[in-house]
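Protein chains in written order, with our numbering: chain X, 18 to 116; chain Y, 120 to 331.
Rather than coming from a laboratory, the hints here were simulated on the basis of the structure. Note that the Cβ used here is the ideal one computed from N, Cα and C, for glycine as well. Hints may contain errors.
Result set (DSSO-like, lysine-lysine): computed pairs, CA atoms no more than 30 Å apart in a straight line [claimed, not checked]:
1) Y/198 x X/48
2) Y/179 x Y/198
3) Y/161 x Y/255
4) Y/255 x Y/228
5) Y/179 x Y/303
6) Y/228 x Y/198
7) X/48 x Y/303
8) X/32 x Y/255
9) X/32 x X/48
Partial list, computed: chain X residues near chain Y (C-beta under 8 Å) [said to hold, decoys possible]:
10) 93
11) 96
12) 102
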Amino acid sequence: MSARFAAGDRVRVRKAYPPGHVRTPYYVRGKEGVVSRLIAEHPNPEERAYGRDGLPPIAVYGVLFRQNELWPDYQGPEGDTTEVDIQEHWLGPLKDDGG
Amino acid sequence: MSETHSHDDWPYPHPKQPDIEDGPLTDYMAMTEAVAELLIDKEVFSADDMRRTLEDIDSKSPAEGARMVARAWLDPDFKARMLEDVNAAAEEMSIDAGTIPILAVENTKDVHNVIVCTLCSCYPRYLLGLPPDWYKSRAYRSRLVREPRAVLAEFGTEIPDAVEVRVHDSTAELRYMILPMRPKGTGDMDEDALAGLVTRDCMIGVTVIDRD
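If we strip away everything but chain Y, and leave its shape as in the complex, we get:
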């Protein structure tokens, strides 16, 4: 948008901020709208059902995953169950992890894990909320498998050479989340306090938890 305008009481023109409709309407956008309208017209579901579902998806946040990580740090039996079946472990905590199976991979002193979806943008939305824009970018998706350590360094994350960097490309039926290492000096913290340390990015694997 190169169009500029100025306000009456402010002499300096500034560029017009594009409205959401100013981007191109793609075929898929038109098709999505058309199919949604048809399904509503045919009363397969109502407009309110659709709104509610979108609101529900938007309401997910990394706090759900963080609670599970904190519980896993405190309770080895829970951790074992979570590594076996994340969705069932979530249910124990009354967290809805959705119907797509999620696999938790554990960071250790020998292996640092990080997730990507090179084909599209698969992401464990039920436990981590909506993905950040960079996760969906072509740069992240193509470069993470090609030069993972360079990408991690751009996130400020330096993994020692002796530690294996393992990229998980979620191309098929699973979603992945990282179970980060519990930082040192947290022995006296309870579950809520620990959950507060666990960020979205450390569950994607582009950073580690550092309390210094």
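Isolated chain X (complex conformation):
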């Protein structure tokens, strides 16, 4: 495994809107979260959707976001969270993005 991030790392999701089969939901793009786990390495579905092999495999992480970060007007308690599975090329270390 050559995973770039480890559990506990603070990351920011790329704020990008490429066309095609993309698994990163809009509502987390540009948002800050914390890696909760390395799930596994998988062939890239963004490539496989178009008949390519998606290799080399890409690390997929569980990333935990505070609801207050995702939705500035979130009505619930501070502690509420959402966890989303995100591929490594969608994540950058927080400091790279001015965070």
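Chain X is already provided as a structure; the job is to place chain Y on it using the hints.
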């Protein structure tokens, strides 16, 4: 369907119930039919293979997941293995959890978990059976991440503010299931009786098990 008709011996007309073919045939439906026919014509698999596979998928039910939850409540070592690898733990019980990895997330007194797939409708079908229609609805998929407590309240589930509500959006390579908390007052129950308490909805996380 606004068409109405009446029966000879019954004077009151009632609306015609639409047949399954009365909905629009979408491009994807036409493509699915065409690809299936081609694969059968080319003898990649037979019509009976396809029927058998669909029957097998349809036969899955939340009872499989419930058995695993009950075992986890009774056997801490099994629970640890299940939290590590649901598919392997299922195999120990001769349950086929399929090839897609499933992750069990445990509810505790501090965290209440609930699952959704905002992009489509990913669901741990091998252990929970076919998803309910509301799980696939746009309302559930868009609102659960936006206002989870309001959605839970519509299911009759009130989570105290001191408990973190954690939504799991299964967007990628994992399917999720919830390992609910064992209710109080069940100390004398055996595995079968405990499994009977575990419902589909509590393994999705839209409710908790309440024995009052």
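| said: Just to be careful: measuring from the Cβ of residue 102 of chain X to every Cβ in chain Y, is the smallest value less than 8 Å? | reply: Result: holds, 4 Å to nearest chain Y Cβ.
| Is it true that the CA of residue 32 of chain X sits at most 30 Å from the CA of residue 255 of chain Y? | Holds - the C-alpha atoms of residue 255 of chain Y and residue 32 of chain X are around 27 Å apart, at most 30 Å.
| Keeping to a limit of 30 Å between CA atoms, is the pair of residue 228 of chain Y and residue 198 of chain Y held or broken? | holds (17 Å)
| residue 179 of chain Y and residue 198 of chain Y: Cα distance at most 30 Å? | The given pair, whose Cα atoms are some 22 Å apart, holds under the 30 Å limit.
| Can the restraint linking residue 198 of chain Y and residue 48 of chain X be considered satisfied, given a maximum Cα separation of 30 Å? | violated (34 Å)
| task | Mind checking the alpha carbons of residue 48 of chain X and residue 303 of chain Y for me, to see if they're no more than 30 Å apart? | result | violated (39 Å)
| query | Is residue 255 of chain Y close enough to residue 228 of chain Y, meaning Cα to Cα at most 30 Å? | reply | Holds - the C-alpha atoms of residue 228 of chain Y and residue 255 of chain Y are around 29 Å apart, at most 30 Å.
| request: So, residue 93 of chain X near chain Y? Judge it on the closest CB pair being under 8 Å. | output: Constraint on residue 93 of chain X satisfied, holds at 5 Å.
| Is residue 32 of chain X close enough to residue 48 of chain X, meaning Cα to Cα at most 30 Å? | holds (8 Å)
| Minimum beta-carbon distance criterion (8 Å), residue 96 of chain X to chain Y | holds (4 Å)
| Pair hint outcome, residue 179 of chain Y versus residue 303 of chain Y [Cα-Cα no greater than 30 Å] | holds (29 Å)
| residue 161 of chain Y and residue 255 of chain Y: Cα distance at most 30 Å? | violated (33 Å)
Going down the numbered hints, you'll see the structure goes against 1, 3 and 7, while the others check out.
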